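**Student:** The residues making up each chain are set out below.
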Amino acid sequence: MSGTALGIIAFILVCTVTFGWLAVRNVKQDPTQYIVGGRSLGWLLIWLLMAGEIYTSFTFLGAAGWAYIHGAPAFYILCYGTVAYIISYFVLPPVWRTAKAHGLLTGPDYFRQVYDSKLLGAWVALIGFVFLVPYVTLQLSGLEILFRIAGYGTLNSTLAVAIAFAIIILFVFFMGLRGTAWAAVIKDVLVLLGVLFAGLVLPVHFFGSPAGAINHVLAQKPHWMTLVGNTTSMGTVWFVSTVVLTAMGFFMFPQSMAATYSAKSADTLQRNAVFLPFYQLMLLLVYFAGFTALVVHPGLKGPAGDQSFMLVLQKYYSPWIVGAVAGAGCLAALVPASAQVLAAASLISKNLLADYGLVRSETAQTNATRIFVVVIALAAFAFWAVARTTLVGLLLIAYNGITQFFPGVVLSLSVKTKPHPLGVGLGILIGIATLAYFAATGKAAPWGLNQGFVALVLNVAVLAIVTALMRLTAAGIRPERGYARPATSIK
Amino acid sequence: MLSVILALIPAIALTIGVPFANHLDPRVAGLPFILAYIVFWIIVTPAFMWAVYVMEHGRG
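In order, the protein sequence lines correspond to chains D and V. Per the numbering used here, the first sequence runs over residues 25 to 515. Per the numbering used here, the second sequence runs over residues 187 to 246.
No wet-lab data here; the hints were simulated from the structure. Possibly wrong hints are sitting among the right ones.
What the simulated footprint calls covered on chain D by chain V, stretch by stretch (three residues with Cβ under 8 Å from a Cβ of chain V suffice, anywhere in the stretch; the number is not a length) [unchecked claim]:
1. 92-104
2. 109-122
In silico contact screen, one side only, chain V against chain D (beta carbon under 7 Å); selected entries [claimed, not checked]:
3. 192
4. 193
5. 195
6. 197
7. 201
8. 210
9. 218
10. 224
11. 228
12. 231
13. 232
14. 233
15. 235
16. 239
These figures come from a predicted structure and were not determined experimentally. Ideal placement from N, C-alpha and C gives every residue a C-beta, glycine not left out.
Please construct the entire structure, taking both the sequences and the accompanying hints into account.
**Tutor:** Structure, rendered in structure tokens:
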């Protein structure tokens, strides 16, 4: 059984890499064909592509896992993506225009440019790198789960994660970013099929309909589908503060900033923002899969919940189906992991090394990027061993840190609100320090708030105070205009 | 200004609005009310944002 399922995964991965490699080889010969080919795709394929963009290990396994372990708090995922698109409508076009005008490449480049501070760029790059680690860990854990389930007990957890680690590195080195973009085509179609199977076929098979699955859950756990008061760790206050925090952080990830720069026009970004909320609805199917698993295969605790519907597949379906769905899931981990790992590594090679003249030639910069690809993958591996938490838990750690960039980006959009770079840098520092405090003490945030949200509030407070102080001192040093003018006119 | 208000409506509905919809009943198409409420707002968000887009750019 393990041979069949693992064999199908291997087949899917080899086909995808071959496809990506062939596509990349084509690109070198004729770049226009590549672009025009992209534009001539039919509406259905475009829709599939965009619907699939949203699925990473996080949505594929993690959202189902949270529906299984926590119930209603998982609904935050539906809300935050939608709110993020609304915010992006207003924030991304001006960011895109700045990026285009100055040829920006990485997320931190934006800070370096608008605040005219190489140091702030390097600082943002460093924090971005650190907080991408849990995101890569998320993909690594996703792969580990899928390999272990497809292995039917023949692979232990350490071996599974070691294979996952090796495949991520090989994938990045072999495919690069362009090959990854093409691999995304296969990934999106397969993942959508996998989600349709898990979210519709499973509940219909066991309970007649998704509503039947919900009724069965409610019969056993009447409070599963509503948020319980604000006294527990995931009540209504947590829900709202988490949606606000993560919606603000959505486009602050280095790989998302880079994707924003690559848009054809500001108009494309706005049109996307208008229609992308529809694709969030696919998450409903993932919840149905998690609810079905909760009744059919109860008893999983903590991170084990991330395996929810995959265990149901393993128990009740043929290895062929397990292999096919797991293969889709592997691509859902590998494709985003590849983009994240490359984005993280380029932060270091560009904003820390190249900007400071530590690497000069393009070859040296490429080599540095390769080295940091391995460094971040190793860091993710180490983090996996230490922080055994759910996939959604890992993503929330990443968001807590990355969202600290939001004030610096959004306030830079108007001359009136533009803060002092020192305020931005110290604000981020106090935000991260707050997160470290919560992590070290294990304390909960006050009033049931999300911890990252508390960090963000302190971040903005420091940013505002430092900016006000810098403006005061600047006003004190420079003579007032009314003073200066008569003095010069005497000459 | 009006466009910002239009965009704020679904954003508020999907953040501070959710605790007010935190009920199981009435069920809508089998979904718990809170989930149906969220799904409803996700479906109408593009309509609000399209209105914002048209106000800023015109139909073309």
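**Student:** It remains to establish, for every hint, whether it holds in the given structure.
**Tutor:** Structure-based check of all given hints:
1. 92-104: Since 4 is at least three, the answer is holds.
2. 109-122: The restraint on the region 109-122 of chain D holds, since 5 of its residues have a Cβ under 8 Å from chain V and three suffice.
3. 192: violated, 10 Å
4. 193: holds, 5 Å
5. 195: Not OK, violated: residue 195(V) not within 7 Å of chain D, min 10 Å.
6. 197: holds, 5 Å
7. 201: holds, 5 Å
8. 210: holds, 6 Å
9. 218: Holds. Min distance 4 Å.
10. 224: holds, 5 Å
11. 228: holds, 5 Å
12. 231: Check passed: Cβ of residue 231(V) comes within 4 Å of chain D, closer than 7 Å.
13. 232: Holds: closest Cβ of chain D sits about 5 Å from residue 232(V), inside 7 Å.
14. 233: Hint violated; residue 233(V) Cβ to chain D Cβ min 9 Å, cut 7 Å.
15. 235: holds, 4 Å
16. 239: holds, 5 Å
Consistency with the previously given hints fails for numbers 3, 5 and 14, ordered from lowest to highest.
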